[in-house]
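4 protein chains.
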Amino acid sequence: MRQAGRHFLQIPGPSAVPDRILSAIGRQTIDHRGPDFAEVGLKALNGMKSIFKTEQHVFIYPSSGTGAWEAALVNTMSPGDKVLMFETGHFATLWNKMATKLGIRTEFLEGDWRGGAEPDRIEARLREDTNQEIKAVCVVHNETSTGSVSPIADVRRAIDAAGHPALLMVDTISGLASIDFRFDEWGVDVCVSGSQKGLMLPPGLSFNAVSERAMKMAERATMPRSYWDWHDMVGPNETGYFPYTPGTNLLYGLNEAIDMLHEEGLDNVFARHARHGAATRAAVRAWGLEVLCARQGQESGVLTAVLMPRGHSADAFRATTLQHYDISLGNGLSKVADKVFRIGHLGDFNDLMLMATLSGVEMGLAKAGVPHESGGVQAAMEHLKDNPQARVAAE
Amino acid sequence: MRQAGRHFLQIPGPSAVPDRILSAIGRQTIDHRGPDFAEVGLKALNGMKSIFKTEQHVFIYPSSGTGAWEAALVNTMSPGDKVLMFETGHFATLWNKMATKLGIRTEFLEGDWRGGAEPDRIEARLREDTNQEIKAVCVVHNETSTGSVSPIADVRRAIDAAGHPALLMVDTISGLASIDFRFDEWGVDVCVSGSQKGLMLPPGLSFNAVSERAMKMAERATMPRSYWDWHDMVGPNETGYFPYTPGTNLLYGLNEAIDMLHEEGLDNVFARHARHGAATRAAVRAWGLEVLCARQGQESGVLTAVLMPRGHSADAFRATTLQHYDISLGNGLSKVADKVFRIGHLGDFNDLMLMATLSGVEMGLAKAGVPHESGGVQAAMEHLKDNPQARVAAE
Amino acid sequence: MRQAGRHFLQIPGPSAVPDRILSAIGRQTIDHRGPDFAEVGLKALNGMKSIFKTEQHVFIYPSSGTGAWEAALVNTMSPGDKVLMFETGHFATLWNKMATKLGIRTEFLEGDWRGGAEPDRIEARLREDTNQEIKAVCVVHNETSTGSVSPIADVRRAIDAAGHPALLMVDTISGLASIDFRFDEWGVDVCVSGSQKGLMLPPGLSFNAVSERAMKMAERATMPRSYWDWHDMVGPNETGYFPYTPGTNLLYGLNEAIDMLHEEGLDNVFARHARHGAATRAAVRAWGLEVLCARQGQESGVLTAVLMPRGHSADAFRATTLQHYDISLGNGLSKVADKVFRIGHLGDFNDLMLMATLSGVEMGLAKAGVPHESGGVQAAMEHLKDNPQARVAAE
Amino acid sequence: MRQAGRHFLQIPGPSAVPDRILSAIGRQTIDHRGPDFAEVGLKALNGMKSIFKTEQHVFIYPSSGTGAWEAALVNTMSPGDKVLMFETGHFATLWNKMATKLGIRTEFLEGDWRGGAEPDRIEARLREDTNQEIKAVCVVHNETSTGSVSPIADVRRAIDAAGHPALLMVDTISGLASIDFRFDEWGVDVCVSGSQKGLMLPPGLSFNAVSERAMKMAERATMPRSYWDWHDMVGPNETGYFPYTPGTNLLYGLNEAIDMLHEEGLDNVFARHARHGAATRAAVRAWGLEVLCARQGQESGVLTAVLMPRGHSADAFRATTLQHYDISLGNGLSKVADKVFRIGHLGDFNDLMLMATLSGVEMGLAKAGVPHESGGVQAAMEHLKDNPQARVAAE
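Chains as they are written, first to last, in full-length UniProt numbering: chain A, 1 to 395; chain B, 1 to 395; chain C, 1 to 395; chain D, 1 to 395.
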């Protein structure tokens with residue numbers, strides 16, 4: 001039986017794709033070697049530099065974000081190299097597993113999944129690494145499984161304070177274009193991202209931003225690689241082309257997304273997400289529930305992970321909510337499976353969509369018999385009313 | 001500066017067009033005289049019979065709903081004929097003006113804009129019309145300017161009770177496919193509707209449903225007519241064609257809409273609208289505001305018109321709400337201009353969209369400095385939680 | 001069983017709708033009373049003035065072109081008024097019938113369907129009309145049933161030469177935006193057009209261009225009218241709005257079409273059509289068939305009507321061609337039913353699409369067993385090669 | 001200045017994407033972990049089995065076809081393993097380079113780029129490989145750079161005749177869904193394909209079909225791999241899910257493509273391509289030019305590569321043709337750069353589109369001053385007329 005109205009896709013990515021982007025993706029494919037393609041390619045490559053805030057290198061892959069993780073590793077590492085990773089949550093763990101699988105030695109600083117990476121522990125570990133075995137420090141910027149944000153600039157400072165030459169590699173698959181990220185200013189060396197989060201696209205494109213230093217390191221790295229090889233990209237990219245067939249239609253959408261982000265203004269985008277995150281946490285508190293991220297100032301503007309009351313299944317709650325209110329919420333992953341649900345408030349999103357989302361959660365909690373106080377929706381609305389977004393002029 | 005997220009189009013029509021229908025409308029136009037068109041035309045014509053609940057005649061015009069008003073009049077009337085109309089609100093008034101303009105004499109039973117047409121007054125007037133000058137009784141089913149519903153079956157009973165031969169002509173432009181309507185069972189003779197309300201299409205198609213009796217009357221009616229002439233339509237329609245170029249792409253959309261309505265089940269569609277109307281009224285009461293429709297049982301499931309507190313401008317409120325919360329609300333028309341705003345809850349709409357809508361109203365009231373109690377959103381949510389929609393099997 | 005590849009819609013309208021326009025039409029409907037609509041409305045109204053080449057009035061109806069015929073008549077005429085019409089073909093005949101049906105007296109100058117209207121015969125008739133009973137001269141600019149073009153400027157000169165005050169009313173439903181038309185310069189008073197031909201839209205919008213003189217005449221005209229009334233339009237149109245719900249989504253498409261026409265340059269558009277008409281006639285001659293239009297210089301750039309060899313059914317040929325080569329050709333209408341087929345070469349069309357079209361005709365002639373010489377495709381190709389289009393800078 | 005009409009994208013892939021598929025791709029993205037996704041995933045995975053004609057394994061990657069080349073190698077090989085490849089043209093050469101780059105030893109049987117792989121030479125080489133160093137034989141099914149087809153079933157017979165255990169790995173990126181391919185019947189072990197050719201999609205999805213034997217070999221293969229790992233896919237694929245975020249919107253398109261292919265019938269699709277290849281070659285002969293593929297029976301139905309007369313630049317010709325006739329033709333690659341141009345006649349294509357394409361070539365040859373006979377278009381048309389496609393009932 002058909003359900004009326006729009007589905008609310010409030011997982012922490014893919015985010016709902018705006019009509020402008022869907023329409024762009026639906027345009028006819030063109031010759032990726034023809035003269036008209038150059039404009040498409042250059043706009044995408046240069047546009048992504050403006051999003052990463054870098055004047056160094058950006059590479060675009062037809063792949064999921066997982067592919068860009070692999071690209072970051074195989075371009076910079078040689079078999080047996082060691083990397084230091086920080087366990088912010090499920091995705092940090094997956095990246096760690098991937099590195100191991102590819103034959104890289106990893107050291108995984110244990111975390112409690114309730115905050116971002118800890119720069120002081122990274123610094124301490126690097127100071128111990130006197131023979132500089134560690135080739136890269138890998139952290140997740142916005143940990144999609146927990147809703148916590150790592151202080152990337154502080155991680156760079158920690159590496160520098162330790163006087164260690166390790167690269168700084170950052171996964172900002174779910175953070176980019178939703179929360180502040182500054183590749184050059186923060187001294188990041190390799191960055192990994194994907195299309196289906198803040199960029200508001202369907203999945204299928206992934207990105208590396210790469211520093212000159214990492215490009216140099218890639219020249220000496222001996223991991224076997226072909227599809228992901230940065231150096232094969234550089235030449236064709238200069239004129240807007242790619243070494244193999246690019247994902248033309250998703251690039252159409254990407255160019256639209258880049259325009260939309262600049263039309264709104266990146267700082268407005270970031271402020272919008274932060275404000276929606278705060279309103280969501282106000283709702284969670286009013287419901288008498290607990291936000292998974294326990295470190296103040298590290299709560300994500302992209303998503304909010306919420307702990308279920310003991311004895312209640314998050315997945316049963318999500319199923320009820322989907323069935324009765326046509327809203328998809330994110331599930332808890334591995335360690336927190338069935339114990340948390342995640343509310344995505346990223347992408348092309350506004351106050352009323354947030355109110356719809358939180359109403360779905362509040363009605364779902366009631367429908368599923370989860371103990372809670374009512375009033376979360378009201379609390380979020382008060383927050384929004386009391387904290388109007390100050391908009392700055394777009395770029 | 002770009003606003004993020006979806007616009008909420010909560011005027012009482014056009015309603016937001018679902019993606020399935022937009023996609024259908026975007027298909028390539030075909031030869032409207034070719035063999036493939038027959039299927040398109042027959043599906044639309046027969047489908048609309050299922051929506052009107054009639055086995056008599058349905059005609060489809062490429063025009064706005066206003067055109068179908070004119071069609072109803074020029075097909076059945078001769079210059080100087082008299083019709084009896086009921087002033088339910090702005091749209092009844094406009095139809096009345098049109099009739100006058102076309103050279104038809106009208107008698108307009110005065111109403112207070114706070115309820116539907118009154119069968120007893122109609123009956124009384126018809127009893128006085130002993131020489132049967134009145135050729136038709138014209139009432140608006142769902143008065144879009146006030147949010148009141150006329151009891152159509154009772155109007156038919158009133159005409160019959162008076163033993164009067166007048167036709168029953170009904171405007172259900174904004175009622176059809178949102179609230180119950182039964183052309184044959186209720187003994188309606190001519191019905192007027194449009195595409196951009198419950199049918200979830202963009203504007204541009206309009207409809208007449210016509211009884212055999214009205215078809216007969218049309219044979220003797222002498223108003224000049226060509227574009228709107230029913231009798232020119234009958235022949236081509238039999239095989240799915242039209243006497244002049246039809247609105248092919250909107251017909252694609254119409255066929256998709258008909259499918260969607262039957263996939264949900266018309267009774268479920270009606271129950272959904274009724275429930276959303278009730279939840280909206282719960283919100284209005286909680287805000288301490290007044291619903292324009294004052295007659296219990298006649299409140300519309302399509303829209304709710306809300307009276308502003310004295311001294312406050314409805315249009316200023318609507319402008320504020322549009323600017324800050326990206327939601328379009330309906331304005332007050334003529335007699336109630338600037339005194340009421342209208343909340344549309346029609347078309348492809350669900351619980352969370354309603355919650356978004358009411359949140360936009362509540363936050364807008366605060367932002368515009370309109371005196372009100374907070375808690376309307378909460379009250380609506382309680383109503384929705386306490387009154388889950390019982391869904392019946394779709395046709 | 002699915003046929004592969006694109007269908008070729010080569011009837012003389014609707015023409016195949018370009019993707020840019022389909023995409024525009026598929027955008028979300030907005031509030032036609034809201035602030036954002038003004039831009040849509042003004043762009044459409046002013047844009048259509050640039051297409052009609054007028055600084056006087058343009059009106060846009062949600063209706064088929066047939067509606068705009070009716071609008072032209074009911075706004076300017078009073079019951080019993082007389083108009084002079086010229087029988088260029090089927091559509092002139094239909095307009096004549098409509099006028100009669102609406103209670104207007106018509107005089108129909110007989111034609112042979114093989115050329116445009118004849119200014120000298122019109123002048124002669126007007127000279128006879130000493131008491132100026134004739135209120136308007138009505139001619140079809142591009143007669144879609146025959147592929148002949150009437151010399152509109154010469155008709156104006158004929159009226160003036162006769163010193164007659166009759167209005168000049170012109171149907172350019174299929175001519176506008178494909179062949180030269182100059183409302184103001186040519187002294188036209190009322191013009192009728194539609195969306196689905198040179199404007200490259202689906203059917204559903206129609207247009208009147210109206211001179212100040214005709215606007216004046218409308219003030220005194222007493223035909224009953226409401227939907228079509230020009231004077232109700234003037235006020236709202238000034239700020240980009242309409243007196244009743246406009247066909248918003250088709251207006252999106254119209255605005256895209258207007259942009260496309262100016263991007264190409266109207267003179268380039270006209271030259272393109274003329275060249276394709278000439279190439280098509282070269283093909284017809286090579287096939288040993290006859291073009292219906294027998295008056296040199298009046299052959300249409302929009303379509304070419306071709307006479308079948310005696311004893312052969314045009315409709316059987318068209319059915320064969322549709323079945324085997326997935327191309328829709330236009331049928332012969334009324335007097336020439338089954339005797340001619342029509343090749344549409346209008347709208348968003350280029351050299352290779354023409355070659356495809358003519359190949360479909362040539363292969364279809366063979367498949368249907370119609371006597372002909374081969375070589376038409378070759379002849380058209382030679383024409384195109386030998387007569388490259390000189391393109392002028394777009395506006 | 002805008003060019004009117006449709007662009008003809010006649011490179012040998014991407015092929016022009018049909019509207020049905022563009023529309024499917026433009027649908028809203030859904031939760032790839034939610035209950036509704038299973039249907040999407042299962043339909044794609046099972047559908048692709050029906051296209052490959054296999055009951056073994058199919059894997060779908062969000063990547064270009066190049067990625068699926070890499071996947072085929074890294075799943076089956078260990079560092080230092082040897083493969084035997086056949087130089088059919090540019091793409092065989094690129095695959096060879098990739099293998100080398102990944103640390104696989106390759107032996108490359110030299111070819112003249114004018115035909116498919118030669119089974120007898122493969123057999124001879126395998127017979128010499130007495131200690132079975134060669135782990136796989138890699139051939140390109142349809143060599144996109146030359147328009148030649150390799151006899152895959154004969155290659156399998158050659159391997160078997162040599163009694164050699166090497167895997168048979170086949171690149172059918174541009175052959176699949178355009179020319180006959182039978183994974184199971186022909187004994188292929190690993191197959192590589194992509195979305196933007198016979199599957200009529202934009203680029204961005206790639207495929208491996210894999211035999212049980214190759215799956216077993218993958219268990220022992222030690223090339224580092226993660227993104228491409230087949231074994232990670234098997235579990236999630238069983239219920240329609242993927243181990244990482246899939247390319248949801250391209251999967252929507254893929255499912256539409258699979259439906260379209262079966263609606264037409266794969267055998268009809270293959271016959272259509274073969275017939276268009278033959279008609280194209282008839283045109284080339286009539287022009288007095290030479291088809292690059294010199295081996296009778298191995299000419300491709302997907303594309304035809306044409307040798308330029310000595311001293312004439314293929315790229316200058318292609319640029320002229322693009323500028324004047326808005327058609328993109330394929331360029332010559334590496335060894336035959338600027339010496340051949342390639343006519344794509346693949347994907348969603350029909351007789352009239354072919355006639356348009358060949359007209360573009362013939363007019364372009366004249367415009368670019370390339371010596372040739374006219375009459376190619378005529379010859380192709382004669383071929384099509386004389387050889388109507390016998391259609392069999394679709395599956």
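Any given hint could be a false lead.
Treat identical chains as interchangeable: a pair holds within one or across any two.
[Said to hold, decoys possible] Computed cross-link-like contacts, SDA-like style, restricted to lysine to any residue with a CA-CA straight-line distance of at most 20 Å:
| # | residue 1 | residue 2 |
| --- | --- | --- |
| 1 | K385 | R20 |
| 2 | K216 | G187 |
| 3 | K385 | H324 |
| 4 | K367 | E256 |
| 5 | K339 | Q389 |
| 6 | K97 | P371 |
| 7 | K82 | M223 |
| 8 | K335 | K385 |
| 9 | K339 | R33 |
| 10 | K101 | G47 |
| 11 | K97 | E87 |
| 12 | K367 | D120 |
| 13 | K53 | G34 |
| 14 | K385 | Q323 |
| 15 | K385 | A319 |
| 16 | K53 | E238 |
| 17 | K97 | M223 |
| 18 | K101 | E219 |
| 19 | K97 | D232 |
| 20 | K135 | A294 |
| 21 | K82 | N255 |
| 22 | K335 | N237 |
| 23 | K367 | P165 |
| 24 | K101 | E290 |
| 25 | K101 | H231 |
These are calculated hints, taken from the structure and not from any lab test.
These are the hints, each one checked on the structure:
1. K385 to R20: neither (29 Å within a copy, 35 Å between copies)
2. K216 to G187: Answer is within; shortest intra-copy Cα gap is 15 Å, inter-copy 45 Å.
3. K385 to H324: between (28 Å within a copy, 10 Å between copies)
4. K367 to E256: Neither, since 40 Å and 32 Å both go past 20 Å.
5. K339 to Q389: This pair counts as neither: shortest intra-copy Cα distance 33 Å, inter-copy 29 Å.
6. K97 to P371: This pair counts as neither: shortest intra-copy Cα distance 37 Å, inter-copy 58 Å.
7. K82 to M223: both (13 Å within a copy, 19 Å between copies)
8. K335 to K385: neither (36 Å within a copy, 32 Å between copies)
9. K339 to R33: So K339 and R33 pass the 20 Å test across copies only (17 Å; inside, 50 Å).
10. K101 to G47: neither (33 Å within a copy, 31 Å between copies)
11. K97 to E87: within (11 Å within a copy, 38 Å between copies)
12. K367 to D120: neither (44 Å within a copy, 45 Å between copies)
13. K53 to G34: neither (29 Å within a copy, 34 Å between copies)
14. K385 to Q323: Answer is between: at 14 Å across copies they meet the 20 Å cutoff, but 30 Å inside does not.
15. K385 to A319: Close across copies (17 Å), not inside one copy (31 Å); limit 20 Å.
16. K53 to E238: within (18 Å within a copy, 41 Å between copies)
17. K97 to M223: Both, since 17 Å and 16 Å are each at most 20 Å.
18. K101 to E219: Answer is between; shortest inter-copy Cα gap is 14 Å, intra-copy 22 Å.
19. K97 to D232: between (27 Å within a copy, 12 Å between copies)
20. K135 to A294: neither (30 Å within a copy, 54 Å between copies)
21. K82 to N255: neither (37 Å within a copy, 43 Å between copies)
22. K335 to N237: Neither, since 41 Å and 23 Å both go past 20 Å.
23. K367 to P165: For K367 and P165, the Cα distance exceeds 20 Å both inside one copy (54 Å) and across copies (54 Å).
24. K101 to E290: neither (35 Å within a copy, 51 Å between copies)
25. K101 to H231: between (23 Å within a copy, 13 Å between copies)
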